[in-house]
Amino acid sequence: MQDLPFTRFLAANGQLASDAPAWSAESQPLQQLYRQMVLTRLFDQKIVALQRTGRIGTFAPALGQEAIGVAIGSRMQAEDVFVPYYRDSAAQLMRGVSMEEILLYWGGDERGSDYRAASAVQDFPVCVPIATQALHACGVATAFRIRGEHRVAVTTCGDGATSKGDFLEALNVAGAWQLPVVFVINNNQWAISVPRRIQCAAPTLAQKALGAGIPGEQVDGNDVIAVCERLDAALQRARQGKGPTLLECLTYRLGDHTTADDASRYRSEEEVRQAWREEPIVRLRTLLAGRGDWDEAREQALVADAQLRLQQAVERFEAIAPRAPEALFEHVYASWPQALAEQRETLLERLRRQATQGVAHD
Amino acid sequence: MTERSYSLLEAVNLALHRAMHDDPNVVLLGEDIGVNGGVFRATLGLREAFGLKRVMDTPLAENMIAGLSIGMAAQGLRPVMEIQFLGFIYAAMEQLVSHASRLRNRTCGRLSCPLVVRAPMGAGIRAPEHHSESVEALFAHIPGLRVVVPSSPARAYGLLLGAIDDPDPVIFLEPTRLYRMNPQPLIDDGRRLPLDSCFTLREGSDLTLISWGGALVETLQAAERLAERGIAAEVIDLASIKPLDLQTLEASARKTGRVVIVQEAPVSGGIAADICAALYERVWFELQAPIMRVCAPDIPPPLYRLEPLYMPEVGEILAACERVLDFG
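Just so you know, the protein sequences line up as chains A and B, in that order. Heads up, the first sequence is in our numbering, so the first residue is 1 and it goes up one at a time. Heads up, the second sequence is in our numbering, so the first residue is 1 and it goes up one at a time.
Just chain A, with the same shape it has in the complex (with noise of 0.2 Å):
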């Protein structure tokens, strides 16, 4: 079989090859792009530091694969639909879901996927059964299709998404109708404790596209400017009628696969140390350090600035009251139906029975 294009720009040294885009060339774009995965970088942390001192759930940490979501927040148009799996704040953010919904969501609240932005109004919510999400992409970009309208769904999966038939029959399925649609494998390497090379015996996950009719490629995710790039050209493609890409982003899952998992029970420290070498923020700083674009202020007020925003975002969420109880039956149907009427009042008779009694119903 012939080899798939695999597509890296930035170094892990900092190196930007002669054949990267014009854009790379610019300040602007790039000091975007770095500021927005140091942004993601510390809400993360924020969160898992919120996990450990039991104020928020369990949560699933993006940290080392933030340009994945960055390039993809930065490349989709506001019409666009994102359709994304759990490890996604990265891109979330950008598409305009407010910390204070992904605080919410993670902390125990359905008003989280309520996403308010117009941007991230039609987009989906984060989606925790394995792969399913595919599907629902291929289905925006039906819509699309038959309404003529030039807009891509750009769908997200983890690297142990691939063996799921979702995922199969969601690239089938796009390659048969030419759907607008771009799949993004962000393969972190570890599906919880099973590495990739057990996961499946293809060389690539990008190869699974050929049996699709599909193009398939490889580009390091670690390299934003690689991902942006390649973005460009499915997003393009996808738009103008030409059907469906999938990108295998190559990165690295540095944390555990959520806050309720130990990553030391099952990989060695010695390849989250080389991992750690390759991780996408540092290399862009040196990238742009070395072009004088960034120095030790310039870290230290971006740092600051986003602390606090989070501090805000925190406080913000915290101040928000658990929903009334009503709520649990508000919006399971569009209204709840007569013939169940007697479930809810069951419900509510008991709490004001225990308002009475002086019980919390928590």
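A portion of the hints provided could be inaccurate.
Claimed, not checked - Derived coverage of chain B by chain A (criterion: at least 3 residues anywhere in the stretch with Cβ under 8 Å from a Cβ of chain A; other residues may be distant):
| hint | segment |
| --- | --- |
| 1 | 63-71 |
| 2 | 92-100 |
| 3 | 241-249 |
No lab work stands behind these hints, which were simulated from the structure alone. Each residue gets a CB set at the ideal place from its N, CA and C atoms; glycine is no exception.
Given the coordinates of chain A, work out where chain B should sit on it, guided by the hints.
Below, chain B without anything else, positioned relative to chain A:
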């Protein structure tokens, strides 16, 4: 408006024509539904009338059909997806249970899932293995779904239009045994039937017979035989499996004091059990006799040589009625 006779199958087709004509957001997808018009011909002529974009022959993957429908529904379309036989729906369960049923709730109403799953259900047509299932109870258990089973051409027409209009996912199960039985006059007036109401097919004061789908054939025959002996059975077509119209069921049980439930599906964990429990909770002191269930045993639908033994049978229903009538 012309009135002619339609079979249940033709009524489904008529409702699909009407819905697609009235609402450009209604789209159909499934295996063999376009060029071929569906293996039962339920979607005949729709591709010709509404085009390739709105009547989609899909690749062969039930789970994909469901997942795609969810994405389309979230975008404001009203997909009516066909699963070729109910026995093939299990592949689509994760999409229907984990996503279709709860997209609205997960997003506090920001996104919703107004899709309809159409699937032929039930035994009695000498079909091959895996083509005779009645698994309505699996879906009734899932919050956020509605489950509807029509049992006449008029109810198929009105309920399907109601299901397509409904803002939430509806599992619409069509009894294959009734597809071509007893055509009835039908006016294509676009009238919707409510999705959460029973239909009283026959009034009576001596006992209540509750059934749905194909089993109503034998249930009505049993009521007729009872009538010949001067016993007036009330026959209720459940129609809405989820939610249950307990108000109607309760009123009838209160009136007659004697109830027999006829269910084609295996007995354990079935809808008949749910109805029993709900009625005991509500009308215990007005019941004159224990509620009886006539259901299939807990066996898979057999291949067709022994299929009749699996189906509800008039004699068996009458025997249950005898026991209930003889009590007290």
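Checked hints:
no.	hint	verdict
1	63-71	holds (count 8)
2	92-100	holds (count 4)
3	241-249	holds (count 5)
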